[in-house]
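Novice: Sequence:
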Amino acid sequence: MKIPPPKSEAELIQRAENLKDRSLGELALLMNLKMPENFSREKGFIGQLLELVLGASAGSKSEPDFQTLGIELKTLPLKINGQPKESTYVSIVPLLSSSLIAWRESAVYAKLRRVLWIPYLFDKASHPQDWLIKAPILWSPSTEDERVLKNDWQELMSMVQMGELAQIDARLGEYLQIRPKGMNASARRQGLNEEGQAIATSPLGFYLRPEFTNKILMP
DNA sequence: GCGTGATCATGG
DNA sequence: CCATGATCACGC
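For the first sequence, position 211 (counting from the first letter as 1) is numbered 211 according to our numbering, and the numbering increases by one without interruption.
Please keep in mind that the hints were generated in silico from the structure rather than gathered at the bench.
You may find that some hints are simply not true.
What the hints assert, rightly or not - Within a straight-line C-alpha distance of at most 30 Å, the following computed DSSO-like cross-link-like pairs (lysine-lysine) qualify:
id, residue 1, residue 2
1, Lys-34, Lys-150
2, Lys-134, Lys-79
3, Lys-215, Lys-34
4, Lys-124, Lys-7
5, Lys-134, Lys-181
6, Lys-61, Lys-20
7, Lys-34, Lys-7
8, Lys-181, Lys-34
9, Lys-150, Lys-124
10, Lys-215, Lys-134
11, Lys-215, Lys-61
12, Lys-124, Lys-34
13, Lys-85, Lys-134
Whenever a hint applies, use it, and build me the whole structure from the sequences.
Specialist: Structure below.
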């Protein structure tokens with residue numbers, strides 16, 4: 001079952017709204033996919049299932065999922081109280097960007113300028129096939145959201161570019177944080193030290209804090 | 001091997 | 001309980 005990409009934002013929204021109150025098992029059946037035996041391993045399954053169902057196209061590229069529409073797709077697991085259960089991965093942290101990057105030219109902005117959020121109820125008490133999809137939210141950051149995101153991004157990227165990797169941890173950033181993003185703790189990438197020399201470091205990613213995605217759910 | 005899709009697992 | 005740091009599968 002191959003779903004073509006949506007031709008317009010309106011078509012994408014309509015598709016997404018048709019998924020409301022449906023279960024993950026239904027969608028997997030529709031796409032002729034088997035639900036994973038071990039969900040704690042295939043962690044990306046739900047995101048990939050929704051990409052397929054909605055006709056997303058970017059694959060593993062560093063671009064928004066719906067390239068021609070400029071829209072990023074994000075699934076968002078909710079606790080039973082309706083609040084986000086986890087942070088949301090945005091993109092890899094560029095460790096070797098030699099020149100200064102403008103916020104609006106960044107991968108983070110490219111992905112966050114317009115996001116289709118698909119929330120779903122993550123409930124450990126039931127099987128993932130019974131988890132329900134909630135109403136989609138097509139979102140763009142408000143002026144104030146963008147101000148904070150840009151500020152976080154600039155402060156964190158400044159540290160990366162100044163070679164202050166040792167001082168970066170997940171406590172920095174109001175909405176946007178940096179955390180490891182690799183196969184495991186021994187994964188290595190090339191970064192810079194304070195002298196501008198190449199050093200080995202962990203691969204890092206930008207993540208949105210759950211406090212922020214909760215504001216998106218309850219504007 | 002790297003980036004995307006993310007969630008897991010433990011300490012405090 | 002929850003955030004931080006660690007981890008897993010897949011496509012290319």
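Novice: Could you run down the list of hints and mark each one as holding or not?
Specialist: Hints versus structure:
1. Lys-34 with Lys-150: Violated - the C-alpha atoms of Lys-150 and Lys-34 are around 40 Å apart, more than 30 Å.
2. Lys-134 with Lys-79: holds, 12 Å
3. Lys-215 with Lys-34: violated, 34 Å
4. Lys-124 with Lys-7: violated, 36 Å
5. Lys-134 with Lys-181: Holds, at about 28 Å.
6. Lys-61 with Lys-20: Holds. Lys-61 to Lys-20 sits at ~27 Å (cutoff 30 Å).
7. Lys-34 with Lys-7: Measuring from Cα to Cα gives roughly 28 Å; hence the hint holds.
8. Lys-181 with Lys-34: holds, 27 Å
9. Lys-150 with Lys-124: violated, 35 Å
10. Lys-215 with Lys-134: holds, 16 Å
11. Lys-215 with Lys-61: Holds, at roughly 28 Å.
12. Lys-124 with Lys-34: Holds, at about 19 Å.
13. Lys-85 with Lys-134: It holds: about 14 Å lies between the C-alpha atoms, which stays within 30 Å.
Hints 1, 3, 4 and 9 from the list above are not met by this structure, while the remaining hints are.
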